[in-house]
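J.: Just so you know, we're using the UniProt record's numbering here: the sequence shown kicks off at 1 and counts up by one.
Source of the hints: derived by calculation from the structure; they are not laboratory data.
These numbers were taken from a predicted model, which means no experiment stands behind them.
Careful: at least some of the hints might be erroneous.
[Stated by the list, open to error] Label pairs and their calculated CB-CB ranges:
id, residue 1, residue 2, range
1, Asp202, Gly54, 38 to 44 Å
2, Val8, Gly135, 37 to 43 Å
3, His228, Ser44, 29 to 35 Å
4, Phe225, His91, 23 to 29 Å
5, Tyr227, Gln39, 24 to 30 Å
6, Lys235, Gly135, 52 to 58 Å
7, Ser89, Gln39, 17 to 23 Å
8, Ser89, Thr226, 17 to 23 Å
9, Tyr227, Pro105, 33 to 39 Å
10, Val8, Phe106, 33 to 39 Å
[Unchecked claim] Capping the alpha-carbon separation at 25 Å, the derived lysine-lysine pairs in BS3-like fashion look like this:
id, residue 1, residue 2
11, Lys95, Lys144
12, Lys25, Lys35
13, Lys144, Lys24
14, Lys95, Lys158
15, Lys25, Lys144
Glycine residues also receive a C-beta, built at the ideal position from the N, C-alpha and C atoms.
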Amino acid sequence: MHYFTGAVPVFLCWIMTRPENLLKKLQHVGATWAKHWNQALYMSSQSSDFPTVGAFQYIHAYHLQHADWFLKADDDTFVVVENLRYLLSQHDTEKPVYFGHRFRPFVRQGNMSGGAGYVLSPEGLRRFVQGFSTGRCEHFSSVKDMALGRCMETMGVKAGDSRDSNHQETFNPFRPENHLIPAENGKQVWGYSFYKPRRGPDCCADFVISFHYMRPADMYMLEYFTYHLRTFGYKYRFNANHEQNSTSELKHS
1 MHYFTGAVPV
11 FLCWIMTRPE
21 NLLKKLQHVG
31 ATWAKHWNQA
41 LYMSSQSSDF
51 PTVGAFQYIH
61 AYHLQHADWF
71 LKADDDTFVV
81 VENLRYLLSQ
91 HDTEKPVYFG
101 HRFRPFVRQG
111 NMSGGAGYVL
121 SPEGLRRFVQ
131 GFSTGRCEHF
141 SSVKDMALGR
151 CMETMGVKAG
161 DSRDSNHQET
171 FNPFRPENHL
181 IPAENGKQVW
191 GYSFYKPRRG
201 PDCCADFVIS
211 FHYMRPADMY
221 MLEYFTYHLR
231 TFGYKYRFNA
241 NHEQNSTSEL
251 KHS
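Take these sequences, add in the hints, and give me the full structure.
T.: Shown next, in the form of structure tokens:
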């Protein structure tokens, strides 16, 4: 099967929302991070008890040939597409794989946090849809991310490692301050993470892809910090060739 492949990978993002959030949240998503995407679709959860499956079936039917990677996000997720593009530059679109923030419980290879967003290759999307259409996958849990993770595992879609070469997370399931300044009582789902979480300034990758639970005002703030704020005279430590080699070594280790 031949999928869309161009000189620069094309990304399609679909954003799950609710009817009451169409004006409350989506206008702010569209004014900030979603405008940087090649394609962004907004889908409502009103008409289905398990809307994620229906959304993927729609994208598979009408958009499979239009993109190289497919990302699902919520209406309170903030995503930096340029950093996602960099992460996926090391990966083959024709392999059955998906990436996100991996949680450990109930699925052997882990399942991805829905709020942090997750991205599928075309083959991963095709297999997921096939799983539910053939009955090999089922809604075994009301927790949609867990059911999706079980189906991915059943259909041979690999849960990829989205951490950078320093083993820092790129997809983040909470707000920035929850990673930078952990709650004193520690009552968060850190224990569910597939990899040992880091807290404080080293919590997250330089090229962060996403944060979750973002209010509209937060999105404008992150948009400014990501695309406009600069420090005069600062020599950035990133070396593209070194980072690519390190990332390649990590993926093959």
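J.: All hints, please: hold or fail.
T.: Status of each hint after checking the structure:
1. Evaluation of the 38 to 44 Å hint for Asp202 and Gly54 yields a pass: the beta carbon distance comes to about 39 Å.
2. Range check, Val8 to Gly135: about 38 Å between beta-carbon atoms, so the 37 to 43 Å window is met.
3. The hint said 29 to 35 Å for the Cβ distance between His228 and Ser44, and at roughly 32 Å that hint holds.
4. For the pair Phe225 and His91, the supplied restraint of 23 to 29 Å holds, since their beta-carbon distance comes to about 27 Å.
5. Separation of Tyr227 from Gln39 is about 19 Å and departs from the stated range, judged on CB atoms against 24 to 30 Å.
6. Checking the proposed 52 to 58 Å range against Lys235 and Gly135 shows it holds: the Cβ atoms sit about 57 Å from each other.
7. At about 19 Å, the beta-carbon gap between Ser89 and Gln39 stays in the expected band of 17 to 23 Å.
8. Between Ser89 and Thr226 the beta carbon distance is about 19 Å. The supplied range of 17 to 23 Å therefore holds.
9. A C-beta distance of roughly 36 Å is found between Tyr227 and Pro105, which places it inside the suggested range of 33 to 39 Å.
10. The given range of 33 to 39 Å is respected by Val8 and Phe106, whose C-beta atoms sit roughly 37 Å from each other.
11. For the given pair, Lys95 sits about 23 Å from Lys144 by alpha-carbon distance, which is consistent with the 25 Å threshold.
12. A hinted pair counts as satisfied when its Cα atoms are at most 25 Å apart, and Lys25 with Lys35 qualifies at roughly 14 Å.
13. For the hint linking Lys144 to Lys24, the alpha-carbon distance of about 24 Å falls within 25 Å, and the restraint holds.
14. Restraint check for Lys95 and Lys158: satisfied, since their Cα atoms lie roughly 9 Å apart, inside the 25 Å limit.
15. Proposed proximity of Lys25 and Lys144 is supported: the alpha carbons are some 22 Å apart, at most 25 Å.
Hint compliance for this structure: hint 5 alone is broken.
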